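Protein chains: 2
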Amino acid sequence: MSQSFDIAVVGATGTVGETLVQILEERSFPVADLHLLASSESAGHSVPFRGKNVRVREVDEFDFSKVKLVFFAAGPAVTLSFASKASSAGCAIIDLSGALPAGQAPQIVPEANAQVLAGLEKPIQVSSPSPSATALAVVLAPLRGVLDIQRVNVTACLAVSAQGREAVSELARQTAELLNLRPLESTFFDRQMAFNLLAQVGKPDAQGHVPLEKRLVTELRQLLGMPALKVSVTCIQAPVFFGDSFSVSLQLAAPVDLAAVNAALEAGDSIELVEAGDYPTAVGDAVGQDVVYVGRVRQGVDDASELNLWLASDNVRKGAALNAVQLAELLIKDQL
Amino acid sequence: MSQSFDIAVVGATGTVGETLVQILEERSFPVADLHLLASSESAGHSVPFRGKNVRVREVDEFDFSKVKLVFFAAGPAVTLSFASKASSAGCAIIDLSGALPAGQAPQIVPEANAQVLAGLEKPIQVSSPSPSATALAVVLAPLRGVLDIQRVNVTACLAVSAQGREAVSELARQTAELLNLRPLESTFFDRQMAFNLLAQVGKPDAQGHVPLEKRLVTELRQLLGMPALKVSVTCIQAPVFFGDSFSVSLQLAAPVDLAAVNAALEAGDSIELVEAGDYPTAVGDAVGQDVVYVGRVRQGVDDASELNLWLASDNVRKGAALNAVQLAELLIKDQL
Ligand SMILES: NC(=O)c1ccc[n+]([C@@H]2O[C@H](COP(=O)([O-])OP(=O)(O)OC[C@H]3O[C@@H](n4cnc5c(N)ncnc54)[C@H](OP(=O)(O)O)[C@@H]3O)[C@@H](O)[C@H]2O)c1
Ligand SMILES: NC(=O)c1ccc[n+]([C@@H]2O[C@H](COP(=O)([O-])OP(=O)(O)OC[C@H]3O[C@@H](n4cnc5c(N)ncnc54)[C@H](OP(=O)(O)O)[C@@H]3O)[C@@H](O)[C@H]2O)c1
Numbered sequence: 001m002s003q004s005f006d007i008a009v010v011g012a013t014g015t016v017g018e019t020l021v022q023i024l025e026e027r028s029f030p031v032a033d034l035h036l037l038a039s040s041e042s043a044g045h046s047v048p049f050r051g052k053n054v055r056v057r058e059v060d061e062f063d064f065s066k067v068k069l070v071f072f073a074a075g076p077a078v079t080l081s082f083a084s085k086a087s088s089a090g091c092a093i094i095d096l097s098g099a100l101p102a103g104q105a106p107q108i109v110p111e112a113n114a115q116v117l118a119g120l121e122k123p124i125q126v127s128s129p130s131p132s133a134t135a136l137a138v139v140l141a142p143l144r145g146v147l148d149i150q151r152v153n154v155t156a157c158l159a160v161s162a163q164g165r166e167a168v169s170e171l172a173r174q175t176a177e178l179l180n181l182r183p184l185e186s187t188f189f190d191r192q193m194a195f196n197l198l199a200q201v202g203k204p205d206a207q208g209h210v211p212l213e214k215r216l217v218t219e220l221r222q223l224l225g226m227p228a229l230k231v232s233v234t235c236i237q238a239p240v241f242f243g244d245s246f247s248v249s250l251q252l253a254a255p256v257d258l259a260a261v262n263a264a265l266e267a268g269d270s271i272e273l274v275e276a277g278d279y280p281t282a283v284g285d286a287v288g289q290d291v292v293y294v295g296r297v298r299q300g301v302d303d304a305s306e307l308n309l310w311l312a313s314d315n316v317r318k319g320a321a322l323n324a325v326q327l328a329e330l331l332i333k334d335q336l
Numbered sequence: 001m002s003q004s005f006d007i008a009v010v011g012a013t014g015t016v017g018e019t020l021v022q023i024l025e026e027r028s029f030p031v032a033d034l035h036l037l038a039s040s041e042s043a044g045h046s047v048p049f050r051g052k053n054v055r056v057r058e059v060d061e062f063d064f065s066k067v068k069l070v071f072f073a074a075g076p077a078v079t080l081s082f083a084s085k086a087s088s089a090g091c092a093i094i095d096l097s098g099a100l101p102a103g104q105a106p107q108i109v110p111e112a113n114a115q116v117l118a119g120l121e122k123p124i125q126v127s128s129p130s131p132s133a134t135a136l137a138v139v140l141a142p143l144r145g146v147l148d149i150q151r152v153n154v155t156a157c158l159a160v161s162a163q164g165r166e167a168v169s170e171l172a173r174q175t176a177e178l179l180n181l182r183p184l185e186s187t188f189f190d191r192q193m194a195f196n197l198l199a200q201v202g203k204p205d206a207q208g209h210v211p212l213e214k215r216l217v218t219e220l221r222q223l224l225g226m227p228a229l230k231v232s233v234t235c236i237q238a239p240v241f242f243g244d245s246f247s248v249s250l251q252l253a254a255p256v257d258l259a260a261v262n263a264a265l266e267a268g269d270s271i272e273l274v275e276a277g278d279y280p281t282a283v284g285d286a287v288g289q290d291v292v293y294v295g296r297v298r299q300g301v302d303d304a305s306e307l308n309l310w311l312a313s314d315n316v317r318k319g320a321a322l323n324a325v326q327l328a329e330l331l332i333k334d335q336l
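Protein chains in written order, with full-length UniProt numbering: chain R, 1 to 336; chain D, 1 to 336.
It is worth saying that the hints were derived from the structure and are not from the lab. Here the structure is a predicted model, which means the values were calculated and not measured. Among the clues, some could well be false.
Any copy, or any two copies together, can satisfy a pair, since identical chains are not distinguished.
In silico DSBU-like pairs for lysine-lysine, Cα to Cα no more than 35 Å straight-line [to be verified]:
| no. | residue 1 | residue 2 |
| --- | --- | --- |
| 1 | Lys203 | Lys230 |
| 2 | Lys214 | Lys230 |
| 3 | Lys203 | Lys85 |
| 4 | Lys333 | Lys52 |
| 5 | Lys230 | Lys122 |
| 6 | Lys214 | Lys85 |
| 7 | Lys66 | Lys85 |
| 8 | Lys333 | Lys66 |
Please model the complete structure; the sequences and the hints are all you need to start from.
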C-alpha cells in the first residue's frame with residue numbers, strides 16, 4: 001500500500017483554506033490525519049472532509065511535530081508567527097501568504113519552474129506565488145520557447161475574493177444597497193466597489209507602487225527564470241466575486257509567428273485556449289476550473305512584434321489552493 | 001446683442017443626446033431654435049430645455065435648411081443616411097457616431113488639436129472621437145511637450161452606457177437577477193455582464209481586432225499629431241454603468257522627469273490630477289464632471305523610462321456630448 005501523510009492546514013476556514021481542503025479530497029491526496037487550524041474565532045467549528053466533519057482547532061496550541069506537511073493559508077502574520085516553529089519540528093511548509101523571503105521559500109508554479117523543487121533542502125519550505133504571477137507564469141512558460149519576450153505589460157483585474165471573505169460580503173452588500181436605493185456603506189473598501197473599478201489594491205509606497213505589483217514583477221521573473229524581463233504592471237480591483245482576468249501585451253524582439261504561439265499554448269500544461277474570435281471570462285469559464293483560460297490571441301493593430309492575450313483564472317484554485325496542492329503532490333513523490 | 005443659432009440634435013432621446021441638450025443649457029450655448037430629432041419611436045415625446053418641453057420629431061421629415069448646425073448623436077447608420085442631406089442644406093455637422101471618414105470630418109478634441117478647425121472648409125463637418133481616444137488625447141496632449149513617447153499601452157475599461165440605454169438596463173436587470181438567485185437572462189450582451197468582465201467590445205475581424213480598438217489607434221495618432229506612435233490597446237467591458245477607466249503605460253525614449261510630468265498635467269486643460277497616493281474612480285470622481293481625472297502617476301517598478309497612469313472619464317460628457325458642444329463653441333466664434 002502506498003504511503004499517506006499527516007497534514008495540517010492553517011487558515012482552514014478561509015476562502016483559500018476551505019478550497020484547499022476540498023481539493024485534497026477531489027484529487028485523492030494521500031492524507032492520513034488532517035489537522036485543520038485557524039484562530040480562536042472559529043476553533044470548534046468543523047469542516048467536511050471525505051464525508052466526516054473535521055473539527056477546527058486553534059493554531060496557537062498545535063504541535064507541528066504531529067504532521068509531515070503544513071499549508072499556511074492564513075495571512076502573512078500567521079505564517080511569520082508559526083513557520084519557524086513548524087520548520088523546527090521537521091515539518092515541510094507550503095506557504096500561500098507571500099510572507100517568506102524567496103531565498104528561504106522559493107516561489108514555485110509546477111508548469112513554469114518545477115525543477116527548483118529538486119534543489120531544496122530539508123526541512124522544505126516553498127511558496128505558492130500570488131494568483132496573478134501564477135496565472136501569468138502558466139501561460140508565459142510555454143511561450144518562452146517560441147518567443148523572444150522583451151517586455152510584459154499587464155493590467156490585472158482582480159476579484160474581490162482575492163482579499164478574503166469580508167471583501168466578498170462587502171461587494172454583495174454594496175450592490176444590494178445601490179439596487180435598493182439605500183445609502184451606501186463602505187467598511188472594507190475605502191470607497192464604492194459595486195459598479196466601479198478601484199485602481200489601487202493595497203497601500204502605495206512613496207513611488208506609488210503597491211506591494212502586490214512589486215511582488216508580481218519579482219515573482220514573474222523568478223518563475224520564468226528571466227531576471228531581466230521588463231514587466232509593467234497595474235493591479236486593479238474589479239467588482240467581480242471570483243476569478244481574475246488579465247489584459248496582457250507582450251513586446252517581442254521579432255514579429256510573432258501566431259501559429260507557433262497557438263501551438264505552444266495548445267500544448268502547454270494547465271492552459272485552455274479558447275477558439276479564435278471568442279474569449280473567456282472569469283465568471284463564465286475560469287471559476288471552479290483548474291486551468292488558466294486564454295483568448296484574444298492577436299498581434300498589435302499594426303505591430304507584428306506585439307502579442308496580446310486575455311487570461312482568466314480562478315484566483316482561489318490555480319491562483320492559490322490548487323497550485324499549493326500540486327506542489328504537495330510533487331513533494332511527496334520523493335522529498336517527504 | 002450677440003448672435004444665436006438654430007440647432008438640431010439627432011438622437012436627442014438617447015444617452016448622449018439627452019446629455020448634449022443638458023450641456024447646451026448648462027453652458028448657455030447661444031441657441032435660438034432647438035430641433036430635437038429621433039426615430040418614429042419617440043417622435044411626439046418631449047425633452048426639457050430651458051424650462052420648456054421641446055417636442056421630439058422624426059428625423060426623416062426634418063428640413064435641415066432650418067438650422068445652422070446639427071449634432072448627429074444617433075448610430076452611424078443614421079449619420080450616414082442624413083449627413084449629406086444636412087450638408088447640402090448648408091448645415092454644419094458635428095458627428096458623434098464615428099461614421100464619417102477622417103478626410104471628410106476630422107476628429108477633433110480641442111485640448112489636443114483645435115488648430116485643425118481653422119483649416120476646415122464650409123459646409124463644415126467634424127467628428128467627436130470615441131470616448132477612449134478623447135480621454136487619452138486630453139491627458140497625453142500636454143505630455144507631448146515633456147516626454148518623448150515611444151509607445152502607449154492601454155487597457156480601456158468601458159462603462160456599459162457606452163453601448164446605450166439597452167446595455168444599462170441589462171446590467172441592472174442581470175445584477176438584480178443574480179442577487180435574488182433568479183435565472184440569468186442575457187439579451188443585449190452575449191453572456192453574463194454582472195460581476196464579470198468581457199474582453200471584447202464588438203465583433204473581431206479575422207486578425208482578432210475589434211473596430212473600437214482599431215479606431216482608437218487611428219484616432220489617437222491623429223489627435224496627437226503623432227502618426228508613427230505605437231499604440232497597444234485592449235478594450236474591455238466592465239460592469240460599471242457610467243464612466244470609463246484607463247490603465248495606461250507609456251514607454252519613453254528617456255527616464256521620466258516626474259516633476260515635469262506632474263507640472264504639465266497640472267497645467268493641462270480639462271485635467272484634474274489627484275494627489276499622489278490617491279486615485280480617481282469612474283463612479284466616485286469622473287461621472288458628471290467635465291474633466292478627465294488622472295492618478296497613480298508613477299514610473300515602472302524598476303524602469304524609469306516607463307510612465308504609468310490611471311484615468312477616469314465620463315464617457316457620455318467629455319467622451320461625447322461635452323466634447324461636441326466644445327467643438328460647437330469654437331465653430332460659432334468665427335466659422336458659422
Ligand atoms: N483569496 C485569494 O484569492 C488568495 C490567493 C492567494 C493567496 N492568498 C493568501 O492566502 C491567505 C488567506 O487568504 P483568504 O483569502 O483565504 O483569507 P480569508 O478568507 O479572510 O481567511 C483567512 C483565514 O485565516 C485564518 N486566520 C486569520 N487570523 C488568524 C490567526 N491569528 N491565527 C490563525 N488563523 C487565522 C482565518 O481563520 P478564522 O476563521 O479563525 O478567522 C481564516 O481561516 C492570505 O495570506 C492571502 O493573501 C489568498
Ligand atoms: N454612450 C456613449 O458613451 C457614447 C459616447 C460616444 C459616442 N457615442 C455614439 O453616440 C451615438 C448614440 O449613442 P447612445 O449611447 O446615446 O445611444 P442610445 O442611448 O441607444 O440612443 C440612441 C439615440 O439614437 C436615436 N435613434 C436610433 N435609431 C434612429 C433612427 N433610425 N433615426 C433617428 N434616430 C434614431 C434614438 O432615438 P429613439 O428614442 O427614437 O430610439 C436615441 O435618441 C452612437 O453612435 C454611439 O456610438 C456614444
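Hint check results:
1. In the homo-oligomer, the alpha carbons of Lys203 and Lys230 lie at most 35 Å apart both inside one protomer (23 Å) and across protomers (32 Å), since each shortest distance falls under that limit.
2. For the identical chains of this complex, Lys214 and Lys230 are neighbours both inside a copy (12 Å) and across copies (26 Å), given an alpha-carbon limit of 35 Å.
3. For a Cα distance limit of 35 Å, the shortest separation of Lys203 from Lys85 inside one copy, 30 Å, qualifies, whereas the shortest one across copies, 57 Å, does not.
4. With identical chains, the CA atoms of Lys333 and Lys52 are at most 35 Å apart within one copy only, with a shortest distance of 27 Å there and 80 Å across copies.
5. In the homo-oligomer, the alpha carbons of Lys230 and Lys122 lie at most 35 Å apart inside one protomer (33 Å), although the nearest pairing across protomers, at 50 Å, exceeds that limit.
6. Taking the closest pair of Cα atoms, Lys214 and Lys85 come within 35 Å of each other only inside a single copy of the chain (29 Å); across copies the shortest separation is 57 Å, beyond that limit.
7. Taking the shortest alpha-carbon separations for Lys66 and Lys85, only the intra-copy value of 12 Å comes in at or below 35 Å, while the best inter-copy value is 85 Å.
8. Taking the closest pair of Cα atoms, Lys333 and Lys66 come within 35 Å of each other only inside a single copy of the chain (20 Å); across copies the shortest separation is 84 Å, beyond that limit.
Comparing the model with each numbered hint stated earlier shows that all of them hold.
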